[in-house]
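Visitor: Kindly generate the complete structure, drawing on both the sequences and the hints.
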Amino acid sequence: MAIENRKDMIKQGGIWVFILAELIFFSMAGHYWSVSNQAFMDPGNMLLLLKQSAPIGIIALGMTIIMINGNIDLSVGAIFALSAVVLLDSLSWPFMMAMGDWALPLAWGFALLTGVTLGAVNGLIVWKTGIDAFIVTLGSMLGFRGLVFMYNGEQPTSNLNWTLVDFAEAQVLGLHTATWFLFGTALVLWFVTTRTNHGRNAYAIGNNRDAAVNAGIRVGPHFMWNFILIGFLAALSAVVFYSESGSVNPNDGMLYELWAITAVVLGGTKLAGGYGSIAGTLGGVIAIQLLRKGLGHIGADTQTVNLVIGLILIAVLFLDRQLTRKGKEELKI
Amino acid sequence: MTSPSPVLRLEGIVKTFPGVRALDGVSFDVRPGEVHALMGENGAGKSTLMKVLGGVLAPNDGQIYVGDAPVVMTSPQEAKAKGVVFIHQELSLAGELSVAENIFLGELPLKSFGRVDWQKLYADTDRILKTLNVSFTARTRVGSLSIANQQMVEIGRALTVDPRAVIFDEPTASLTDAEKVVLFDVIADLQASGVGVIYISHRMEEIFKITDRISVLRDGQYRGTLVTAETDEDKVTQLMIGRSLDLSRNASQHQMGDTALEVRGLSCGILFEDVSFAVRKGEVLGFYGLVGAGRTEIAETIFGLREPSAGQILLNGLEVQITSPIDAIRHGISLVPEDRKDQGLVLGMSCRDNMTLPQIGRLTKGPFISDRAEIAIFDKYRDKLDIRTPGWRQTVGNLSGGNQQKIVIGKWLSMHPEVLIVDEPTRGIDVGSKSEIHNLIRDLAAQGFAVIVISSEMPEVLHVSDRIVAMFGGRVMREFTSEEVTEDNLIQAISGIAANA
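Protein chains in written order, with numbering that gives the first Met the number 0: chain Y, 0 to 332; chain W, 0 to 500.
Hints in this document: simulated from the structure, not taken from any laboratory.
Please note that a few of the clues may not be correct.
Said to hold, decoys possible - If you want the ones that stay clear, here's a sample from chain W, every Cβ over 10 Å from chain Y, calculated: (1) F103; (2) Q342; (3) T363.
Said to hold, decoys possible - Listed below are the simulated SDA-like cross-link pairs for lysine to any residue, each with C-alpha atoms no more than 25 Å apart in a straight line: (4) K340/W / T193/Y; (5) K383/W / R305/W; (6) K364/W / N196/Y; (7) K269/Y / D300/Y; (8) K340/W / P155/Y; (9) K179/W / Q220/W; (10) K269/Y / R329/W; (11) K79/W / R30/W; (12) K340/W / W189/Y.
Note that the coordinates shown come from a computational prediction; the quantities given were computed from them, not determined experimentally.
Just so it is clear, CB atoms sit at the ideal spot from N, CA and C, and this is done for glycine as well.
Guide: Below, the structure written as structure tokens:
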């Protein structure tokens, strides 16, 4: 089906065309309205953009496989915050203080373990009760956020470690540490979704769960692994980000779940499951960050940025629908 | 002979899609008081034609006449206003609303300020229901009705206008024999009042029972109209597929092996009780019975999708515990499910990915799936089963029903099963591919597989089976060898009459 493949290519490539359009638009618009003297496409600016994409980007990559399953995880923002609290707080524990710099990998380990555990809790509930993932993670979103507040009240948890800061601010081959983590995660998950048994099963389950069960795929454990994966990635995102900032507010990471979902959807993954790609999500993440940065570049404030992103999301999905429609056979509503 | 002028006439209808000529100059007419069958294989263009007639698709060429007036249908509403109404195969009713609300959905009679005129609504509905001769009232909640009665509501919807032509699309697909009789009465009433009926169905017996003429489409082309009384199934089939279909008895010539699967006293709650049977290697065991007799449920229990309340399953003489499809697959039991699209295939995936799905975990090289191993399996079974697809990348959802079914069968054959259970092997598959699937099942038995075939079509069961288990109300009524079985004693057995006649 040549036609079909071409359509797929347009859809897969669509997000990158959109990114290109953004680059051209903001470079040109920047000439007239820019509030800074710097060119928009300045290499330093672009590298920074990638770094800033990383925290939500790493989560969105994990969200892709969850959404390919036909599930959703609303608790990632809370997992992100709780992992950050564990990371920074553990550094001030007496036995950790005594270990010097050797405490750093251990603190990372604690934080990542937190993410894995919370993810496993989500996954286990979804598997064993059969309740919809949306509801389960809506509950755990509130619950995990509650844990964050129980930990340190309204107070921020702070611990700036200069070794960590140096690590986070390092640039290898020009790319920041966070960017490397973003690309590394994308590469691993790209291999997982396109080349492994687990990835194949993810698409099969999302596309037709009954057929997957009939083919002998263990759907429950599969879900659980993916929730563990996204828990891990939410924690990884926190670890990379807070190594540098050194201070976490109990409200940090709020709405991250929605930004992650926005990026995934923008990247062409279907909310109903069974269809989507890691490359698309990476594009979605970069497109959103470009939009924020670009609008900032031409002097728009944060509120305007959100309005524009919202409108663009709907416009993009409308376009996608027009592309997907097969003739006029589809029902009109 | 002067025939009355037709209520509906199509002339030279052409509809093209990119790369496909879906309808290529189709012409036929429906006379008042006539039941006119429209037949053709899947993909012959029946549904496209109906969409053109219903105003869903615009034809590229050709003309539709209602009575003597040329018309252009631009929407389903317009078609209905002109007296051309459809009874679709899939019911589209709002289950939580009353019968009256459903019948007048979108056109409720109104009083001032947009208030519904309930009195008029119920009165009008009662008038329609009376002509349909049904047992429910205008106020009944539609969700509480049987499928057959819901279909009556759907027909009631058509009668809110004065119809000139009513089109039934596979109306008997989910009806019992008794319900069919009621439906045919309604069709006869429509006929008597001078309405032209177009009747679309794959079921020959019905076609020959109720229709006056038969028009046949093949590959988007009109192949001719036959007078039902002057033709027979063979001629119609030939017109449809260009050759005739062999449904003769077909007992195995080859030697059969040992018993592969034996089931003793298997029960599952109220679904079925005390079911025992055995199937040998190289044998095709047919299961025949009415919908709801428990056949599919037995298959699902053996495959681990349902938990049995009693009984044993033995494979090669040894008892096995099967609590999930994973167990079943490990023991070499495979199920080609009843509903190919909902239970058998991942429609959005490629042909190859569907075929290798149950064993993908074994086809890995290191952490990654081996493309070569996958394609090797696909190629092998594509050739073996003669699956026609442009390539392994083809999305399974775009294949014809027959080829889809072969993908499901190939998927399980590639697992080298001991027992293959095929539930409704040819449901929704066109006549030509049907015989291919039948031959395939016979071939598999000849190769030494133990095959269980569950079917609601008697000719099919008689054609492929070496032995037949007749079921009624969750019980095995009788087991027939292919020598003893006749259509009469089989029907008696599945109706619950004379279990040991």
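Visitor: Could you run down the list of hints and mark each one as holding or not?
Guide: Now for the hints, and whether the structure bears them out:
| no. | hint | result |
| --- | --- | --- |
| 1 | F103 | holds (20 Å) |
| 2 | Q342 | violated (5 Å) |
| 3 | T363 | violated (6 Å) |
| 4 | K340/W / T193/Y | holds (24 Å) |
| 5 | K383/W / R305/W | violated (32 Å) |
| 6 | K364/W / N196/Y | holds (11 Å) |
| 7 | K269/Y / D300/Y | violated (31 Å) |
| 8 | K340/W / P155/Y | violated (53 Å) |
| 9 | K179/W / Q220/W | violated (30 Å) |
| 10 | K269/Y / R329/W | violated (33 Å) |
| 11 | K79/W / R30/W | holds (18 Å) |
| 12 | K340/W / W189/Y | violated (28 Å) |
The structure fails hints 2, 3, 5, 7, 8, 9, 10, 12 (numbered hints given earlier, in ascending order).
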